[in-house]
Amino acid sequence: SQQGEEDPQALSIQEGENATMNCSYKTSINNLQWYRQNSGRGLVHLILIRSNEREKHSGRLRVTLDTSKKSSSLLITASRAADTASYFCATDGEYGNKLVFGAGTILRVKS
Amino acid sequence: EAEVAQSPRYKITEKSQAVAFWCDPISGHATLYWYRQILGQGPELLVQFQDESVVDDSQLPKDRFSAERLKGVDSTLKIQPAELGDSAMYLCASSLGGAKNEKLFFGSGTQLSVL
Numbered sequence: 143s144q145q146g147e148e149d150p151q152a153l154s155i156q157e158g159e160n161a162t163m164n165c166s167y168k169t170s171i172n173n174l175q176w177y178r179q180n181s182g183r184g185l186v187h188l189i190l191i192r193s194n195e196r197e198k199h200s201g202r203l204r205v206t207l208d209t210s211k212k213s214s215s216l217l218i219t220a221s222r223a224a225d226t227a228s229y230f231c232a233t234d235g236e237y238g239n240k241l242v243f244g245a246g247t248i249l250r251v252k253s
Numbered sequence: 015e016a017e018v019a020q021s022p023r024y025k026i027t028e029k030s031q032a033v034a035f036w037c038d039p040i041s042g043h044a045t046l047y048w049y050r051q052i053l054g055q056g057p058e059l060l061v062q063f064q065d066e067s068v069v070d071d072s073q074l075p076k077d078r079f080s081a082e083r084l085k086g087v088d089s090t091l092k093i094q095p096a097e098l099g100d101s102a103m104y105l106c107a108s109s110l111g112g113a114k115n116e117k118l119f120f121g122s123g124t125q126l127s128v129l
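As you go down the protein sequences, you meet chains A and B in turn. With my numbering, the residue at position 28 of the first sequence is 170, and numbering never jumps. With my numbering, the residue at position 41 of the second sequence is 55, and numbering never jumps.
Hints may be right or wrong, so weigh each one.
Stated by the list, open to error - No farther apart than 20 Å at their CA atoms in a straight line, the calculated lysine to any residue pairs in the SDA-like style are these:
#1 A:Lys240 - B:Asp71
#2 B:Lys117 - A:Arg222
#3 B:Lys117 - A:Leu188
#4 B:Lys117 - A:Arg204
#5 B:Lys117 - A:Gly158
#6 A:Lys240 - B:Lys117
#7 B:Lys117 - A:Arg192
#8 B:Lys92 - B:Ala32
#9 B:Lys76 - B:His43
#10 A:Lys198 - A:Ser215
#11 A:Lys198 - A:Asp225
#12 B:Lys85 - B:Trp36
#13 A:Lys240 - B:His43
#14 B:Lys117 - A:Thr206
#15 B:Lys117 - A:Ile189
#16 A:Lys198 - B:Glu116
#17 A:Lys240 - B:Gln73
#18 A:Lys240 - B:Ser72
#19 A:Lys240 - B:Ile52
#20 B:Lys117 - A:Asn173
#21 B:Lys25 - A:Arg183
#22 B:Lys29 - B:Gly99
#23 B:Lys117 - A:Glu195
Everything labelled a hint here was simulated from the structure, so no lab data went into it.
Could you build the full structure based on these sequences and the hints that come with them?
Shown next, in the form of structure tokens:
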């Protein structure tokens with residue numbers, strides 16, 4: 143079962159533009175994480191935001207969390223071709239410590 | 015930087031055959047996870063180990079899948095017999111202790127094709 147749902151399913155932008163991906167979930171959580179996956183590879187952890195945090199930054203990444211709306215967004219600023227990948231949100235809480243992933247957003251950055 | 019090692023990278027097999035995947039987590043990581051990822055979907059947890067003990071195998075199809083982590087270090091996931099629907103990426107991940115608010119480190123995965 144997949145708790146998080148990313149939106150949009152796919153996103154295509156020009157290099158230098160910003161990319162925003164959204165994640166909605168159904169139950170209360172302890173934390174929400176974002177991961178990146180290059181084609182045919184494993185997932186790489188990007189950022190973790192706790193349920194009592196509202197915003198977090200890491201380099202060109204900005205994550206927000208709205209627990210009242212059960213949603214999170216990932217913003218990638220000044221995108222690069224190397225940012226082309228699938229991006230997944232993952233949440234815990236519904237099933238204890240079990241981390242449940244959404245279906246992902248496919249981001250394509252055109253150079 | 016330490017990595018999670020997985021082998022083989024690719025595996026092609028015929029249905030009804032047995033297949034096995036191996037994973038070596040980052041040294042010192044007590045928690046090991048096996049995920050299955052079908053094309054176009056997110057990873058789904060199959061089994062979670064804390065040291066050598068299984069803590070969650072609720073989504074593991076136990077009639078054909080088995081997993082072990084005998085010495086609490088590396089792990090093997092086996093499928094016998096393989097079915098066409100088992101074609102997927104099998105990802106291994108590890109974390110320090112399995113507590114809340116921990117990030118997972120993933121291997122590069124084994125891409126399984128069942129013909």
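Do the hints match the structure? See the list:
A hinted pair counts as satisfied when its Cα atoms are at most 20 Å apart, and A:Lys240 with B:Asp71 qualifies at roughly 11 Å. Restraint check: the Cα-Cα separation between B:Lys117 and A:Arg222 comes to about 25 Å, which exceeds 20 Å; the hinted pair is violated. Only pairs whose Cα atoms come within 20 Å are accepted, and B:Lys117 paired with A:Leu188 is accepted, the gap being roughly 9 Å. Between B:Lys117 and A:Arg204 the alpha-carbon distance is near 17 Å, which keeps this suggested pair within the 20 Å criterion.
Of the supplied pair hints, the one linking B:Lys117 and A:Gly158 is violated, its CA atoms being roughly 29 Å apart against a limit of 20 Å. In summary, the hint linking A:Lys240 to B:Lys117 is supported, as the alpha carbons are separated by about 12 Å, within the 20 Å threshold. The straight-line distance between the Cα atoms of B:Lys117 and A:Arg192 is roughly 12 Å, inside the 20 Å bound, and the hint therefore holds. Between B:Lys92 and B:Ala32 the CA atoms are separated by roughly 7 Å; this keeps the pair inside 20 Å, and the hint holds.
Proximity of B:Lys76 to B:His43 is assessed by CA-CA distance (about 25 Å); at most 20 Å being required, the pair is judged violated. Of the pairs offered as hints, the one joining A:Lys198 and A:Ser215 holds, with about 11 Å between alpha carbons and a cut-off of 20 Å not exceeded. Between A:Lys198 and A:Asp225 the CA atoms are separated by roughly 19 Å; this keeps the pair inside 20 Å, and the hint holds. Restraint check: the Cα-Cα separation between B:Lys85 and B:Trp36 comes to about 14 Å, which is no more than 20 Å; the hinted pair holds.
A threshold of 20 Å between alpha carbons decides the hint, and for A:Lys240 with B:His43 the separation of about 16 Å falls inside it, so the pair holds. Annotation: proposed proximity of B:Lys117 to A:Thr206 holds, straight-line Cα distance about 18 Å (limit 20 Å). A distance of roughly 9 Å separates the Cα atoms of B:Lys117 and A:Ile189; the hinted pair therefore holds under the 20 Å criterion. Restraint check for A:Lys198 and B:Glu116: satisfied, since their Cα atoms lie roughly 16 Å apart, inside the 20 Å limit.
The suggested pairing of A:Lys240 with B:Gln73 holds, with an alpha-carbon distance near 12 Å, which does not exceed 20 Å. The hinted pair formed by A:Lys240 and B:Ser72 meets the criterion: a straight-line CA distance of about 11 Å does not exceed 20 Å. Distance check on the hinted pair: A:Lys240 and B:Ile52 sit about 19 Å apart at the alpha-carbon level, within 20 Å; holds. Proximity of B:Lys117 to A:Asn173 is assessed by CA-CA distance (about 10 Å); at most 20 Å being required, the pair is judged to hold.
A C-alpha spacing of about 15 Å is found between B:Lys25 and A:Arg183, which places the hinted pair at or below 20 Å, so the restraint holds. Between B:Lys29 and B:Gly99 the CA atoms are separated by roughly 9 Å; this keeps the pair inside 20 Å, and the hint holds. A distance of roughly 17 Å separates the Cα atoms of B:Lys117 and A:Glu195; the hinted pair therefore holds under the 20 Å criterion.
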